[in-house]
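Peer 1: Go ahead and model the full structure; you've got the sequences and the hints to work with.
As given, the protein sequences belong to chains A and B, one line each in that order. To get our numbering, take the position in the first sequence, counting from 1, and add 1349. To get our numbering, take the position in the second sequence, counting from 1, and add 23.
In short, the hints are calculated from the structure, not lab data. Some hints here could point you the wrong way.
Claimed, not checked - Just the calculated beta-carbon pair ranges, DEER-fashion:
| hint | chain 1 | residue 1 | chain 2 | residue 2 | range |
| --- | --- | --- | --- | --- | --- |
| 1 | A | A1605 | B | V281 | 42 to 50 Å |
| 2 | A | P1384 | B | T203 | 39 to 47 Å |
| 3 | A | P1384 | B | K168 | 35 to 43 Å |
| 4 | A | R1549 | B | G314 | 50 to 58 Å |
| 5 | B | E52 | A | A1432 | 31 to 39 Å |
| 6 | A | V1476 | B | G314 | 43 to 51 Å |
| 7 | A | D1447 | B | E52 | 44 to 52 Å |
| 8 | A | A1631 | B | E52 | 23 to 31 Å |
| 9 | A | T1560 | B | N255 | 44 to 52 Å |
| 10 | A | A1605 | B | N107 | 26 to 34 Å |
| 11 | B | Q105 | A | G1503 | 27 to 35 Å |
| 12 | A | D1447 | B | S374 | 34 to 42 Å |
| 13 | A | R1436 | B | A339 | 34 to 42 Å |
Just so we're clear, the structure is a prediction, and the values are computed from it rather than from any experiment. All C-beta atoms in this analysis are idealised placements derived from N, C-alpha and C, irrespective of residue type, glycine included.
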Amino acid sequence: MGRLPVSAAWFLLLLLPATLRAETVTLPAVASLPPGSAAAPFFSDVRVFNTSYTAPVSVTAVYRCFLGTCPGAAPQATFTLSARESRAFDDIVAGVFDAPSSAGTAEFTSSGTSVRVTSRLYSTAPVPTVGMIVPGLRSGEAHVVSVLTSLANGLFRTNIGVYNGNDVGAVATVRLFDGSAPLGSRTVTLAPRSGTQINRIFDVLGQGAVTTTNALAVVESDAASAPLFAYAAVIDNATSDPALVAGVEDERAPEAQTVTIDVKAWDFSPGGPNSPALVLTAGTTYTLIFHNVDSPETTNPRHGFSGISDLGLPGTEDISPGHDFIIPSFTPQPFHRGTHPFSCTQNECGGDPEQHRGMQGTIIIQ
Amino acid sequence: MNRTTTKPTLRLFHAAALALLLAPPLLSETLTLPAVTSLPPGSAASPFFSDVRVFNTSYTSPVTVTAVYRCFLGTCPASAPQINFTLSPRESRAFDDMISTAFNAPVSAGAVEFTSSGDLVRVTSRLYSPAAGGGTNGMFVPGLKNSEAHAVSVLTGLANGLFRTNIGVYNRDDSGVNATIKLYNGTTLLGTQPVTLGSHSGTQINRIFDVVGQAAMTTTNAFAVVAADNPNADLFTYAAVIDNATADSSFVSGEEDVAAPGPAPAETINVSLSNYSYSPGSSQPIQVTAGTATTLFFESGQGTHGFSGVPALGIAGSTNISAGEDGDGYGTPGHPAATFTVTFTAPASASGSTFDFWCTVHPDTMRGTLRVN
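Peer 2: See below:
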């Protein structure tokens, strides 16, 4: 047999139909938590559908467990869907992956783009059933920065989940806000193909007393090459009914300028009363560090910061030697322009209540 | 004004026009909430409300949003109500019971379109019903981008029996469209529901199983295909699957589906009869395709024969398929030649089955088979 010239072989390759690329659809939250294994029982019923009218499609489903009693290796199942077949997998985590009392993510990989995946994650208590649709997400729905809106606490509770579908690890930072007021942040390290769920995020961040139905969370990956799936389950405390909020793409926060405020008896520098006011510019993002600079001989060198509610700035009772108070991200807005007073919160700071009363400063937004 | 002062002004004008042309256009984007409602107690079978959140992702720029309520159920206002508002950077604006409070259209339901410059805005909502024992049951309804509207979409995970399913369709285009909802359980078509949608209008078919006459069906693995009659149409589709015991609803968003292939072209198979055999038919089966209109044309090359037909497929037969030869024992010398033509469509249920047939003149010796693929 004669040899085909290399150029001819390349030409033939070019003539071949484009290779069907594998596509993975991800269910970011699946669970099989029977009664007694968790605070409430939860199960996932999954439907996998082949849109093709002519071709069967082979699907490989892999369970990425990261909560509860996880198997040693990621269980997987391969099945073939006939043309236009919708396959039902009730309680998929126990029924297909044999991993009861666990929760995680399921990935469905197939050739081409003909597969659709939907699921319902539901609880059978206090009454059967209340639940939420968890849609199958395509890779383009993972983002480096996601925002989750419509979060709630008080009459509701909110759990936040993050899944890293990449083959490299990632560090995710979850920042929670109520309006423009930062409520706190949490950093989680995610192994490749792994995730986490932070239940009762308001409690975890020490904001359990906040009542809101208009909070939001920003979930950010530390690597531009590692986009993450993010979701929130907002649960009505009276009915246990959950609603799934899927993360949508958000902007990356601008780099923060760091401003260090030296705090001592009885002055904030900058801020006042002896030092000039702290002047910030609307639209610029700042990291504010309150740093104690009392001399070693200062009596009771512990100060506080009242916070400024109009600006959404939290306060603290403790700015002492070796204990800085940090506001990681603050972006004053145009409507914040003006003068905003603040004060120390420690009556005995510097050992002199009288001097303490005068320890008041000012932030000017320009 | 003399020429020396006019020229610089013109230059300035031209430069400004050029700058405008060179500036990157900030395209407007519309996000659609396909299902919003304000149905207070007493106005519907169950009260339902929509709480909406609109968020500006920008850290630096405010954004102006125009929200238009496209009402199509209940007591709709005469014209589409709209509001304009500006979101500060990173502002999340809450619109609780938006239809009533922002659009002043209580006792109605429909869709809301949010239009803004750029792609800074995100919209989420929760559509809920107060529960009898306190609290609420509801579902998350996301703001959908135009790219999530399709001419053909599929809704999976539909259920009936312990659950009920409502299906909604919203036409975001500026022209009307007809669409068809086909409901399936497995590969079985349960029924079809046509809908006609005006521009920027929609409909919701409550209890779709009841509507297509399948109320008694119990399933948790049905699906629906919503197809517009115009392949360029953009329809948002959704299903609300509701647990009958708790009234808890779950929102299924329509995903892009492929258009159903058109009917296969009709097929004609010529069957030759000679030497006491059918060709094809005797040595190898006549192969037909389920769902395809098929015509069998029988012609005898020798003698006079017949075709029993296949009653199971509704295929008629004939007792006279003749070459018109003299001396074959049939008719008078010179009797005319006769062919036989029969057209049928084998049903999908016959796929994979093989059927016997035979010559009505020589039933023991001249036989054949027909296979449905």
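Peer 1: All the hints need checking, so say for each whether the structure fits it.
Peer 2: A quick look at each hint next to the structure:
1. A1605/A / V281/B: 42 to 50 Å: holds, 48 Å
2. P1384/A / T203/B: 39 to 47 Å: 43 Å Cβ-Cβ, so the 39 to 47 Å window holds.
3. P1384/A / K168/B: 35 to 43 Å: holds, 40 Å
4. R1549/A / G314/B: 50 to 58 Å: holds, 55 Å
5. E52/B / A1432/A: 31 to 39 Å: Between E52/B and A1432/A, where Cβ atoms are some 36 Å apart, the hint holds.
6. V1476/A / G314/B: 43 to 51 Å: holds, 46 Å
7. D1447/A / E52/B: 44 to 52 Å: holds, 45 Å
8. A1631/A / E52/B: 23 to 31 Å: Given about 26 Å between the Cβ atoms, the range holds.
9. T1560/A / N255/B: 44 to 52 Å: holds, 48 Å
10. A1605/A / N107/B: 26 to 34 Å: holds, 33 Å
11. Q105/B / G1503/A: 27 to 35 Å: Holds, at about 32 Å.
12. D1447/A / S374/B: 34 to 42 Å: holds, 35 Å
13. R1436/A / A339/B: 34 to 42 Å: holds, 41 Å
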